[in-house]
Amino acid sequence: MQELEIETVADADLSDPVFVEGLPGVGHVGKLVAEHIVEEGDSTLVRRVYSEHFPPQVTVGDGGVAELAHVEVHAVETDGRDLLVLTGDHQAQENAGHYRVTDAFLDIAGEFGATELFALGGVPTGELIEEYGVVGAVSDDSLTDDLEDAGVEFRSDEPAGGIVGTSGLLLGLGGRRGFDAVCLMGETSGYLVDPKSAKAVLEVLETLLGFEVDFDALDERADEMEDVVEQMQQMEQGPSPGSEDDLRYIG
Numbered sequence: 001m002q003e004l005e006i007e008t009v010a011d012a013d014l015s016d017p018v019f020v021e022g023l024p025g026v027g028h029v030g031k032l033v034a035e036h037i038v039e040e041g042d043s044t045l046v047r048r049v050y051s052e053h054f055p056p057q058v059t060v061g062d063g064g065v066a067e068l069a070h071v072e073v074h075a076v077e078t079d080g081r082d083l084l085v086l087t088g089d090h091q092a093q094e095n096a097g098h099y100r101v102t103d104a105f106l107d108i109a110g111e112f113g114a115t116e117l118f119a120l121g122g123v124p125t126g127e128l129i130e131e132y133g134v135v136g137a138v139s140d141d142s143l144t145d146d147l148e149d150a151g152v153e154f155r156s157d158e159p160a161g162g163i164v165g166t167s168g169l170l171l172g173l174g175g176r177r178g179f180d181a182v183c184l185m186g187e188t189s190g191y192l193v194d195p196k197s198a199k200a201v202l203e204v205l206e207t208l209l210g211f212e213v214d215f216d217a218l219d220e221r222a223d224e225m226e227d228v229v230e231q232m233q234q235m236e237q238g239p240s241p242g243s244e245d246d247l248r249y250i251g
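Just so you know, we're using my numbering here: the sequence shown kicks off at 1 and counts up by one.
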């Protein structure tokens, strides 16, 4: 296998598409958004990307059939801007690999005529939150006005330590290659998969790009995670004083 291989699965005729990335990261926020768009929209798998920079593993699917680690690019036609959505279960494992595969993603975006891109992810707060804000970063300050109108906040030095991985490099390398590059990061505790943060990011993306998708599946996942959070909080608090659980240890 070569260092990087791009498999053409299908072609798509998209009108002025926007490249959208959602790979695993903090709270899996970007991945949840990208997968939801693909599942709910009129999508077509157009490219698979394989690379020796991905983890050395296969996924075992139906009937025990193994599939080599890869990521996928889907063309999604919408009532607003058409989308070219990158998602999958893996990112590169080392610094040089991140640069190499991100360059390949930008090549694919350019191949389909995209000049704008949105990298999606999460920004950790370190605590459970009720109000989910969306923090932004851009490749050029000319892009901020529309984002602020859509409710995106810009905060100096946040996230602390910068934006790492594919999302950060799409912003940096994309800007150097002439793309209008934006990173949208949903606030999240960072402890769990966070569908509520994903919904906040998706709502901003809908506003900016003029499309709509059904939120029911994402809301169901959010309800499931609420149950998990409540159970965790109960375990952290322990039994209340004087409860029957306490009495079992007396005598």
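Treat the hints as calculated values from the structure; they're not laboratory data. Ideal placement from N, C-alpha and C gives every residue a C-beta, glycine not left out. Hints are supplied without guarantee of correctness; some may be wrong.
[Unchecked claim] So the derived label-pair ranges between C-beta atoms look like this: (1) Asp140 with Gln231: 39 to 49 Å; (2) Gly80 with Gln237: 41 to 51 Å; (3) Asp149 with Phe215: 13 to 23 Å; (4) Phe154 with Gly61: 20 to 30 Å.
Now for the hints, and whether the structure bears them out:
{"no.": "1", "hint": "Asp140 with Gln231: 39 to 49 Å", "verdict": "45 Å, holds"}
{"no.": "2", "hint": "Gly80 with Gln237: 41 to 51 Å", "verdict": "45 Å, holds"}
{"no.": "3", "hint": "Asp149 with Phe215: 13 to 23 Å", "verdict": "22 Å, holds"}
{"no.": "4", "hint": "Phe154 with Gly61: 20 to 30 Å", "verdict": "42 Å, violated"}
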